[in-house]
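Enquirer: Here is what each chain is made of, one letter per residue.
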Amino acid sequence: MSLPKVNAVIVGAGAGGGIVAKELAQAGLRVAVLERGGWPQYDQYNDDELHSQRTPALGNPFGPDDERHRRVVVGANGSTRIVFPSEGAYSNNAGCVGGGTASYGAMAWRFMPQDFRLRSTYGEVKDSTLADWPIAYEDLEPFYEQAEYEIGVAGDYTNNPFGGPRRKPFPMPAFPYDKQARRIAETATRMGLHPFPIPMLRNSVPYQGRPACIHMRSCVGFACPIGAKAGTQNTVLPIALATGNCQVRTGCVAAEIVVDDTGHARGVRYFDAANGACEQPADLVVVSASATETPRLLLNSKSKLFPQGAGNNHGWVGHNLQGHCYVGACGLLEEALYEEAGPGATLALCDFNHGNAGLVGGGMLANEFIPLPYLFCNQRPPGEPRWGKVHKDFQRHQYKHLVRIQGPVQEIPNFAARVSVDPVVKDAWGIPVCRLEGVRHPNDLLVGEFLSRKAESILAEMGATRTWRSVPGLGLSGGQHQAGTCRMGDDPKTSVTNRFGQVHEIDNLFVADASLHVTNGGFNPALTIMALAYWVSHHLKSGWKGSQFR
Amino acid sequence: MVRPNTEAAPPSEPGAVTRRTALKLAAVGGFGLVAGLGASAAVTQWGQSASQRYRFFSKTEADLLIAICEQIIPRDDTPGATDAGVIHYIDRQICGPLVRHQQSYRVGLEAFRKTCIALYQTPFEKLAFERQTEALRRIEAGNAPKALWGDPSPQAFFGIVLDHTRQGFYGSPRHGGNRDYVGYRIMGLAAPNFLGPDHAAMGHPAPLG
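First to last, the sequence lines map onto chains U and F.
In this text, residue positions in the first sequence follow the numbering used here: the first is 1, and each later residue adds one.
In this text, residue positions in the second sequence follow the numbering used here: the first is 1, and each later residue adds one.
Just so you know, these hints were derived from the structure itself, not from any lab.
Be aware that one or more of the hints could be misleading.
With a straight-line Cα cutoff of 20 Å, these simulated SDA-like cross-link-like pairs (lysine to any residue) come out [unchecked claim]: (1) Lys389(U) with Gln132(F); (2) Lys389(U) with Ala128(F); (3) Lys5(U) with Asp76(F); (4) Lys400(U) with Ala190(F); (5) Lys389(U) with Thr78(F); (6) Lys302(U) with Thr82(F); (7) Lys389(U) with Glu134(F); (8) Lys168(U) with Glu140(F); (9) Lys389(U) with Leu127(F); (10) Lys426(U) with Asn300(U); (11) Lys389(U) with Arg131(F); (12) Lys400(U) with Thr78(F); (13) Lys179(U) with Arg190(U); (14) Lys389(U) with Asp76(F); (15) Lys179(U) with Gly188(F); (16) Lys389(U) with Pro192(F); (17) Lys389(U) with Asp77(F); (18) Lys168(U) with Met112(U); (19) Lys400(U) with Pro192(F); (20) Lys179(U) with Asp77(F); (21) Lys126(F) with Gly388(U); (22) Lys389(U) with Gly188(F).
Could you build all of it, start to finish, from the sequences and the hints given here?
Expert: Below, the structure written as C-alpha cells:
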C-alpha cells in the first residue's frame with residue numbers, strides 16, 4: 001500500500017529519531033516515524049530482573065522479541081551461528097519508542113574535546129581506521145546544551161577540570177553522592193584525583209512537568225514508573241505529537257529505503273503492525289535505527305546507482321563497529337556501604353580519559369549502578385565457587401560490602417569489526433538480517449588493563465580487604481553502546497555521510513544515530529547521539545525549502 | 001488489627017498433603033524463616049506446592065532436579081532452592097520462554113541419574129549431602145563416564161541448571177520461584193520493591209538474616 005507523501009520519514013524512535021521528529025515537526029514538516037516496537041510501559045515488566053534490559057533471561061522487556069528477530073555472529077574461526085535478541089551476542093540495544101533511552105542508566109556525558117580529534121592527538125595507530133571527526137567539540141557544544149535543557153540533565157562540573165567549555169550550567173542540580181560515593185570521593189581526592197557527580201538524564205528536581213527521581217534500586221534496565229528518567233519517549237516525542245505534524249507508527253519494520261535511478265531517496269518500504277507491506281513516500285529519509293540496524297537498512301537498499309546498498313559505493317557502510325570494553329575492579333569493604341538510593345551510580349572521574357603515558361585514549365571511571373540479586377551472582381573474585389553454601393554466603397554477607405568502580409574504554413576503530421547483511425538468514429518478514437564479525441583492537445585491552453588497575457588502586461586505598469579486576473577478552477564489540485558503522489567524514493571515499501549526517505551522493509538521505517560516531521568516546525554515548533540529532537536537524541531545517549530539500 | 005491465625009488449617013483437598021507430612025516438612029527447619037507468614041499459612045502453602053503436578057518433568061526427574069538445585073543454593077538458617085520453589089520456576093519457564101532447554105533437561109537428567117548409579121550405585125537424591133556435593137563437582141568439571149553423556153555435555157548441563165537455579169531463586173516471584181522473595185530477603189533487601197524512597201515506613205517484610 002502506498003501512503004500519502006510526507007515531508008520526512010524517520011526510521012527509529014530512539015535517542016536520535018525522537019529528536020529529529022520533534023525538530024522537524026516543530027518546523028512545520030509533516031513527519032512519519034516508523035518504530036518496530038511499541039510504547040514502553042513500566043507496569044508490563046515492573047522491577048522484574050529476569051525481564052531487565054541488563055539480564056533478559058526470559059526475553060527483552062523493551063524488544064525486540066526472540067520469535068521474529070535474529071542475527072548471525074561470525075566466530076573467530078570463521079564459523080557462524082544464529083543468535084536471538086535476548087542473547088548477549090546479539091548486541092541488542094532496544095526496540096521500542098524511546099529506544100535505549102526508555103531503560104538506560106541515563107548517564108549524560110558530553111564527549112571531551114580530544115575525543116573528536118583522537119587521530120591528531122595520538123597519531124596513527126597500526127591496524128586501525130582511527131580518524132578525527134569532521135566536526136569539533138565546539139561545533140556540537142550548542143547542541144549538547146540543547147539536549148541537556150530539552151531532555152533534562154542534572155549535573156555539576158565544578159569539580160571536573162577535564163570537561164570541555166560550556167556556555168551554560170546544567171539545568172538541574174546534580175544528584176548527591178550515595179554512601180559508597182562519599183567514601184570514594186574522600187579517598188580519590190586524597191589521591192589527587194578529581195571526583196565529581198555523574199551528569200544524569202534524570203530529574204533531580206521536578207523539571208518540565210515531570211517529577212523528581214524517587215531512587216528506586218531497579219532503574220537501569222527498567223522503565224521509570226514516574227517518568228523522572230528522561231528519554232525521547234517522555235520528552236521530545238510527546239512535543240512532536242502535540243504539533244499535529246507527526247505520527248509515530250509502532251510495530252512497523254523498515255525493509256528498504258527506496259532509491260530511484262537518479263540516486264534520490266523516494267521513501268521507505270516497510271511492514272506495518274499487521275505485517276502489511278507499505279510504502280511511505282517522503283521528501284526526506286532519516287535513518288535512526290542504531291549502529292547495527294541502520295547499516296543493515298542501508299545495505300538492504302540496493303538500487304541502480306548503489307548496487308551495494310545505499311551510500312555504500314566505497315564499501316564503508318557497516319564497518320568500524322565499536323562499543324565499549326567495560327573494565328574495572330571490585331573491592332570488599334569491612335563496612336557495609338550499600339545504600340538503597342537507586343540507581344546507585346553517582347560519582348565519576350575523568351582523570352584517565354586522556355594523557356595516560358604510553359597509551360592511546362582511556363576512559364571514564366564511575367561507581368556502579370545497584371546490581372540486583374541475579375546479576376550479583378556473577379560479581380565474584382576469580383576462582384570463587386559458583387554454587388553451594390559459599391555462593392549463598394557471598395550473596396548474603398558481601399552484597400552490601402562490595403564496591404565496584406568501572407568504566408568504558410574508548411575503543412580504537414578497526415575496519416574488520418563490522419555489520420553486514422547475511423546472505424542466507426532472514427527475519428520473520430523475509431528481510432536479510434545483520435551479520436556481526438570482527439574483534440576489538442588490541443589497544444583496548446592495554447587501556448583496559450591500565451584503567452582497571454586505577455580502579456583497583458582506589459579500592460585498595462579505601463581499605464578494601466580484597467580486590468580484583470575485570471577486563472574482558474578480545475571479543476566482538478557492539479552491545480548497547482554500539483557505534484561507528486556509518487561514520488561521518490569530509491572524504492566520501494573513507495566515510496558514509498558528510499559532517500551533517502547526509503549520506504554522500506544521496507542528498508535527501510540522512511543518518512542520525514551513533515552510526516555517525518567516528519570514535520565513541522570513553523563515555524556512555526546517549527547524550528552525544530542526542531546532540532548529533534539536534535545538529536543534523538539544524539542542518540535539515542536550514543536546508544528545507546518549503547516542499548523539498550535543496 | 002487483624003489477629004494472626006495460629007490454628008493449623010487442614011489440607012484443603014484429599015491427598016494434597018497429610019498433616020504428618022506437613023509437620024515433617026516443618027521440622028526440617030528453615031520453615032519458620034519464611035518470615036512474615038504465620039506458621040499455618042506456610043503449611044498451607046507448602047502443602048499446595050507438594051501436591052502440584054509438573055508441566056514438563058516426571059516425578060523422577062523432578063526429585064533429582066530438586067536435589068541438584070538444593071545443592072546449588074542449599075538451605076541453612078535461611079531457605080534454600082527447594083523452599084524458594086526453584087523447581088516450579090524451571091518447570092514453568094521451560095514450557096515458556098526457556099523452551100529451547102527442554103531437551104537438555106530430558107537428556108541431561110537421565111545421563112546424570114545413570115552417572116550416579118554408575119559411580120555410587122545409589123540415586124543422587126538418596127546420597128548423603130556431602131556425597132551429593134562431590135558428585136555435582138564431578139559433573140561441573142566434566143569428570144563423568146563419557147559413554148553416558150553426549151549433548152548436552154556434563155559441563156553444559158550443569159551450566160544450564162546453575163543459571164536457571166539462580167534465576168528461580170533470585171528472580172521475580174511471578175515466574176514461579178523466589179517464594180516470598182526469599183532470594184531478596186536473605187541478601188538484606190526489603191521486598192517486594194515499591195515506588196518510593198522510604199522503605200521503613202512502608203511496613204514491608206523485613207530482610208532476612
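Enquirer: Among all the numbered hints in the text so far, which are the ones the structure does not match?
Expert: Hints 3, 6, 8, 16 and 20 are the ones this structure does not satisfy, whereas the remaining hints hold.
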